[in-house]
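Q: Residue numbers (the working numbering), protein chains in the order written: chain L, 1 to 404; chain R, 1 to 404; chain U, 1 to 134; chain E, 1 to 134.
Misleading hints may appear alongside valid ones.
Unchecked claim - Straight line, CA to CA, 20 angstroms or less: simulated PhoX-like cross-link-like pairs of lysine-lysine:
#1 L:Lys-133 - R:Lys-108
#2 L:Lys-133 - R:Lys-259
#3 L:Lys-109 - R:Lys-133
#4 L:Lys-81 - L:Lys-287
#5 R:Lys-109 - L:Lys-133
Stated by the list, open to error - To list a few chain R residues with every Cβ distance to chain U over 12 angstroms, as calculated:
#6 Cys-43
#7 Lys-81
#8 Lys-151
#9 Asp-152
#10 Lys-299
As the list claims (entries may be wrong) - From chain U, some residues computed to sit far from chain L (all C-beta separations above 10 angstroms):
#11 Lys-23
#12 Lys-74
#13 Ile-86
These aren't lab readings, by the way, just hints derived from the structure by calculation. We put the beta carbon where it would ideally sit given N, CA and C, even for glycine.
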Amino acid sequence: MNIKKIKEDFPILKKKINGFELVYLDNSATTQKPIQVIEAVNCYYENNNANVHRGGYELSRESTDLYEEAHKETAEFIKAKKMEEIIFTKNTTESINLLSFSLGEKLKKNDVVLTTKIEHHSNIVPWQQLKRKGIKVEFVEVTKDGKLNEKDLEEKLSFKPKIFAFTGASNVLGTVNDIKKLVKQGKDADALTIIDAAQFVQHKKINVKKLNVDFIAFSSHKMLGPTGIGVLYGKEELLEEMPPFMTGGDMISKVSCEKSYWNSLPWKFEAGTPNIAGGIGFRIALKYLERIGIEEIDKHEQKLLNYATKEMQEIDGIEIFGPEKNKLGIISFNVKGVHPHDVSSVLDRKGIAIRSGNHCAQPLMEELGIKGTARASFYLYNTKEDADKFIEGIKEVKKIFKVD
Amino acid sequence: MNIKKIKEDFPILKKKINGFELVYLDNSATTQKPIQVIEAVNCYYENNNANVHRGGYELSRESTDLYEEAHKETAEFIKAKKMEEIIFTKNTTESINLLSFSLGEKLKKNDVVLTTKIEHHSNIVPWQQLKRKGIKVEFVEVTKDGKLNEKDLEEKLSFKPKIFAFTGASNVLGTVNDIKKLVKQGKDADALTIIDAAQFVQHKKINVKKLNVDFIAFSSHKMLGPTGIGVLYGKEELLEEMPPFMTGGDMISKVSCEKSYWNSLPWKFEAGTPNIAGGIGFRIALKYLERIGIEEIDKHEQKLLNYATKEMQEIDGIEIFGPEKNKLGIISFNVKGVHPHDVSSVLDRKGIAIRSGNHCAQPLMEELGIKGTARASFYLYNTKEDADKFIEGIKEVKKIFKVD
Amino acid sequence: MNEIYSELILDLYKNPLNYGELKNFNIKAEGGNPSCGDLVIFTIKIENNKVKDIKFKGHGCAISTASSSLLTEKVLGKTIKEIKKISDKELNEMLGGIIQTRIKCMTLGKRVLDKAIEEYKKSGKNKIKVTIRI
Amino acid sequence: MNEIYSELILDLYKNPLNYGELKNFNIKAEGGNPSCGDLVIFTIKIENNKVKDIKFKGHGCAISTASSSLLTEKVLGKTIKEIKKISDKELNEMLGGIIQTRIKCMTLGKRVLDKAIEEYKKSGKNKIKVTIRI
Ligand SMILES: Cc1ncc(COP(=O)(O)O)c(C=O)c1O
Ligand SMILES: Cc1ncc(COP(=O)(O)O)c(C=O)c1O
Numbered sequence: 001m002n003i004k005k006i007k008e009d010f011p012i013l014k015k016k017i018n019g020f021e022l023v024y025l026d027n028s029a030t031t032q033k034p035i036q037v038i039e040a041v042n043c044y045y046e047n048n049n050a051n052v053h054r055g056g057y058e059l060s061r062e063s064t065d066l067y068e069e070a071h072k073e074t075a076e077f078i079k080a081k082k083m084e085e086i087i088f089t090k091n092t093t094e095s096i097n098l099l100s101f102s103l104g105e106k107l108k109k110n111d112v113v114l115t116t117k118i119e120h121h122s123n124i125v126p127w128q129q130l131k132r133k134g135i136k137v138e139f140v141e142v143t144k145d146g147k148l149n150e151k152d153l154e155e156k157l158s159f160k161p162k163i164f165a166f167t168g169a170s171n172v173l174g175t176v177n178d179i180k181k182l183v184k185q186g187k188d189a190d191a192l193t194i195i196d197a198a199q200f201v202q203h204k205k206i207n208v209k210k211l212n213v214d215f216i217a218f219s220s221h222k223m224l225g226p227t228g229i230g231v232l233y234g235k236e237e238l239l240e241e242m243p244p245f246m247t248g249g250d251m252i253s254k255v256s257c258e259k260s261y262w263n264s265l266p267w268k269f270e271a272g273t274p275n276i277a278g279g280i281g282f283r284i285a286l287k288y289l290e291r292i293g294i295e296e297i298d299k300h301e302q303k304l305l306n307y308a309t310k311e312m313q314e315i316d317g318i319e320i321f322g323p324e325k326n327k328l329g330i331i332s333f334n335v336k337g338v339h340p341h342d343v344s345s346v347l348d349r350k351g352i353a354i355r356s357g358n359h360c361a362q363p364l365m366e367e368l369g370i371k372g373t374a375r376a377s378f379y380l381y382n383t384k385e386d387a388d389k390f391i392e393g394i395k396e397v398k399k400i401f402k403v404d
Numbered sequence: 001m002n003i004k005k006i007k008e009d010f011p012i013l014k015k016k017i018n019g020f021e022l023v024y025l026d027n028s029a030t031t032q033k034p035i036q037v038i039e040a041v042n043c044y045y046e047n048n049n050a051n052v053h054r055g056g057y058e059l060s061r062e063s064t065d066l067y068e069e070a071h072k073e074t075a076e077f078i079k080a081k082k083m084e085e086i087i088f089t090k091n092t093t094e095s096i097n098l099l100s101f102s103l104g105e106k107l108k109k110n111d112v113v114l115t116t117k118i119e120h121h122s123n124i125v126p127w128q129q130l131k132r133k134g135i136k137v138e139f140v141e142v143t144k145d146g147k148l149n150e151k152d153l154e155e156k157l158s159f160k161p162k163i164f165a166f167t168g169a170s171n172v173l174g175t176v177n178d179i180k181k182l183v184k185q186g187k188d189a190d191a192l193t194i195i196d197a198a199q200f201v202q203h204k205k206i207n208v209k210k211l212n213v214d215f216i217a218f219s220s221h222k223m224l225g226p227t228g229i230g231v232l233y234g235k236e237e238l239l240e241e242m243p244p245f246m247t248g249g250d251m252i253s254k255v256s257c258e259k260s261y262w263n264s265l266p267w268k269f270e271a272g273t274p275n276i277a278g279g280i281g282f283r284i285a286l287k288y289l290e291r292i293g294i295e296e297i298d299k300h301e302q303k304l305l306n307y308a309t310k311e312m313q314e315i316d317g318i319e320i321f322g323p324e325k326n327k328l329g330i331i332s333f334n335v336k337g338v339h340p341h342d343v344s345s346v347l348d349r350k351g352i353a354i355r356s357g358n359h360c361a362q363p364l365m366e367e368l369g370i371k372g373t374a375r376a377s378f379y380l381y382n383t384k385e386d387a388d389k390f391i392e393g394i395k396e397v398k399k400i401f402k403v404d
Numbered sequence: 001m002n003e004i005y006s007e008l009i010l011d012l013y014k015n016p017l018n019y020g021e022l023k024n025f026n027i028k029a030e031g032g033n034p035s036c037g038d039l040v041i042f043t044i045k046i047e048n049n050k051v052k053d054i055k056f057k058g059h060g061c062a063i064s065t066a067s068s069s070l071l072t073e074k075v076l077g078k079t080i081k082e083i084k085k086i087s088d089k090e091l092n093e094m095l096g097g098i099i100q101t102r103i104k105c106m107t108l109g110k111r112v113l114d115k116a117i118e119e120y121k122k123s124g125k126n127k128i129k130v131t132i133r134i
Numbered sequence: 001m002n003e004i005y006s007e008l009i010l011d012l013y014k015n016p017l018n019y020g021e022l023k024n025f026n027i028k029a030e031g032g033n034p035s036c037g038d039l040v041i042f043t044i045k046i047e048n049n050k051v052k053d054i055k056f057k058g059h060g061c062a063i064s065t066a067s068s069s070l071l072t073e074k075v076l077g078k079t080i081k082e083i084k085k086i087s088d089k090e091l092n093e094m095l096g097g098i099i100q101t102r103i104k105c106m107t108l109g110k111r112v113l114d115k116a117i118e119e120y121k122k123s124g125k126n127k128i129k130v131t132i133r134i
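All chains, full assembly: derive it from the sequences and hints.
A: Here's what the structure looks like:
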């Protein structure tokens, strides 16, 4: 993996912030885009733009083909059986909402949905909405170092939840869940299994067929792709049975004033004109990731993680949250005596972009007994120099706030 | 209005289809994008890409500002009171689904939703879904030339529907509704008024404040903007009262395992990472339209419409559907003895892109007693030469099919 | 000559062979694509696993009409197995080549026919009437 | 010197003036931005429409803490009307200038104070306790 060459592909990394070269360490929130993806979107608008599905002319055939190709590429990326199992949404959040609405139709009073305390709000709030129907939402407890409490999990699964929705990896702590085991445990309890893979697929290989998971959700913008495109994978036989979520154009086959009939998969779940350019750009992002290799990317991140963690441990007054092993390239931390917002502002002054706050995971924050953290997250274009600048920045924070 | 200069702005119009210069006449389905919009999307990815709302660093501030600016520009474009009234969705279809889900929460058994028989599926099917809750959906009848039947409208409004949802203009026939009158009639009947403005705002000026309409919905991709961005305008006081539609990140202010609190408007209705690049590109599309002037564009379309209609009336065996006056630059027609698909294929061979089919308006087709039509729709970059080529194409259709 | 529709397609569209409906059939299959509005109805008489007689009607574009019509010609006298084997490519060649944007129109009749025969076999080769949505 | 936080901000963050809670107050206002987690609680004693005493507590970043603290200094002895007039710009200048990305942190305290005084006036200047979400 040639980082120098990879960096060249990302135009934004040449940008200066406050006179310093951008060091982008907020990859868990969203990633930057390589020129290949930017140009794919361009190229679509300059050469193939037309509405999909409907047209009987050449241009529309081109855009329809390109948009379908994007579904096929996605199916291959996660090793789905076929593109009928790939639904494009706006983002992970919409994918999970689709599930909560559509699966929710069939749930009954007192049915249980099980999720966990390390989830992003997107995998909590949609399920909470089902409470109005008398459905119960339970949460698997979390250990002090940010892992799922196995005993509690077993106990909660013993109550036979209808749905078990959990994250592949924590966006706050980097905790990587053993998804194979969790899916099996869920299946054994007869629950539908859903993985929030928004922090997983860009770092770890996934094979949904082998995994036998029912649904997974993730976002293009977190894996080098355009904004406004998310994915919902679902097993064909499940998707066939489910009622649609949003309705309107493109997702129906026949409409009369009395009744409507749904289109075939995956279009049944894609109502209205989709984000065609976004889908087409996403395909190129997937190709880019595949060319570099997810495993290579993961290895690279792990190197940076280990290096930066070790360096940080040398500094007094730093608390790092999360597990020691099985962790993404994410460092969630606090500098004693300094508010996370201030940590991030000082770093920003040197062009280093990290995030601070509760990271859309308030229940986890509460569990950890903190208000927020500062968070640096690495991706394929980050270098050892980036990590060094980050460490230097933290030292500067301590100097400015005189907390030595 | 300098069409030649305008055409220069649209890179795709230089494309050759089957050896002929592209004549794009499917603008009702989606419009082409000027280089300014394409570059705005580019520029965002190359200079400002970061997640919005959450970050305390410079890059994130830039993207947040740009994304908010897009809301403000949209508010100005339709003369809304403030950007809090502007919600970005994926498309018109999502906007109307948002309403059907959120307003639907408060509707009761036997409440009536009134829509019309000239609607696009997107303003029919979402309302039909409420039937499961015992809500009734009624349709205003349509006259033979594709206008709303006024007597029927009055009668159906007298049954006091809770919601009156109608299109600003028909995507099939071009019929422009008297939205001022319709809103007033709806209000007088105490109904919430909703305009499907997907075919309206790109051709006719709208002032939602003066109009006093409750909600309007439209799509960026039909007005020079990127795919994957739609708008829902709603009166602030109504949006404040409404429950959110999708839930998750960004749309909440506080989450605990028990309960969640919503964020302020408009974010309460924008769950998850939005289509940031799309929103930013959309702003530039609006600026482009404002610079040229919606009224100027309308005039230009009317000229093309009148010219092409007259020319077509000279040809035997052509049936044109829709009203004679108050019509968008849309010609929906059939060539006697030739299926619409074949009309469009013959034209496509010469690089002329028109649509054929039922145009996502099956109830209207049924009403007109036809299976489908061929449809040409003009926009600001179309020229008299385009119209001439289109007319020539129709003559060729007749020659090939020997229907003279 | 135009380079988009073969003379065969135009002829079959204007004067489709085997247009109509059999009174005496084992299979009646109605199928179509509701979103494009095209509809085709086959009535078929099978004897000894062979197509003894076949007619079609409905409404569709030149390509789907010509294709369905040609198909009736082609399958007459063939066994059920042989029908299955007719490929899209073959159909395309027989029709003199059609444009890429219209493949779905060309295959509509074939898909309905294939499905119908499948159902017929499933039913134990009894008389059936089926409606098929493509 | 660093060019990001003024010495005043750093000082007030470490040793905030008027930190604490009044026992004898007419207004107690708790406000914050739940999504960023910052929280400020003002207790205010008003007499003859003037701020006789004021304290704040809570938790927040350097900027919001310093800003709230400075605000208590600034409004002491002022009338309700005068408080309203303090602009964001003024606040910014008093703090020695803050970076653009953090404007919301700076204005948190001021927004809570403004809202609290509004509620106080609405209540007919009776003793109130309010919770404000920004
Ligand atoms: C009148 C009307 N309403 C709604 C829509 C749906 O728009 P979208 O596909 O962008 O959701 C369309 C577009 O085809 C339309 O013409
Ligand atoms: C674990 C996890 N789930 C869900 C989401 C939501 O993704 P999006 O904002 O793209 O809908 C995120 C992103 O922040 C995440 O990290």
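Q: Could you run down the list of hints and mark each one as holding or not?
A: Hint by hint, here is what the structure shows:
1. About 16 angstroms separates the Cα atoms of Lys-133 (chain L) and Lys-108 (chain R), which keeps this hinted pair within 20 angstroms; it holds.
2. A hinted pair counts as satisfied when its Cα atoms are at most 20 angstroms apart, and Lys-133 (chain L) with Lys-259 (chain R) qualifies at roughly 15 angstroms.
3. Pair hint Lys-109 (chain L) plus Lys-133 (chain R) holds up; C-alpha atoms about 17 angstroms apart against a cutoff of 20 angstroms.
4. For the given pair, Lys-81 (chain L) sits about 18 angstroms from Lys-287 (chain L) by alpha-carbon distance, which is consistent with the 20 angstroms threshold.
5. Under the criterion of a C-alpha separation no larger than 20 angstroms, the hint pairing Lys-109 (chain R) with Lys-133 (chain L) is consistent with the structure, at around 17 angstroms.
6. Consistency note on Cys-43 (chain R): stated as away from chain U, and its beta-carbon is indeed over 12 angstroms from all of that chain's, at 35 angstroms minimum.
7. For Lys-81 (chain R), the non-interface assignment is confirmed: its Cβ lies about 40 angstroms from the closest Cβ of chain U, beyond the 12 angstroms cut-off.
8. Distance check for Lys-151 (chain R) against chain U: the nearest CB is about 30 angstroms away, which clears 12 angstroms, and the non-interface claim stands.
9. Its beta-carbon lying about 26 angstroms from the closest one in chain U, Asp-152 (chain R) satisfies the requirement of being farther than 12 angstroms from that chain.
10. Residue placement check: Lys-299 (chain R) keeps its beta carbon more than 12 angstroms from all beta carbons of chain U (closest about 34 angstroms).
11. The Cβ of Lys-23 (chain U) sits about 29 angstroms from the closest Cβ of chain L, beyond the 10 angstroms cut-off, so the non-interface label holds.
12. At roughly 25 angstroms, the least C-beta separation between Lys-74 (chain U) and chain L is larger than 10 angstroms, which holds for a residue marked as non-interface.
13. Distance to chain L confirms Ile-86 (chain U) as a non-interface residue, since its nearest Cβ pair spans about 24 angstroms, more than 10 angstroms.
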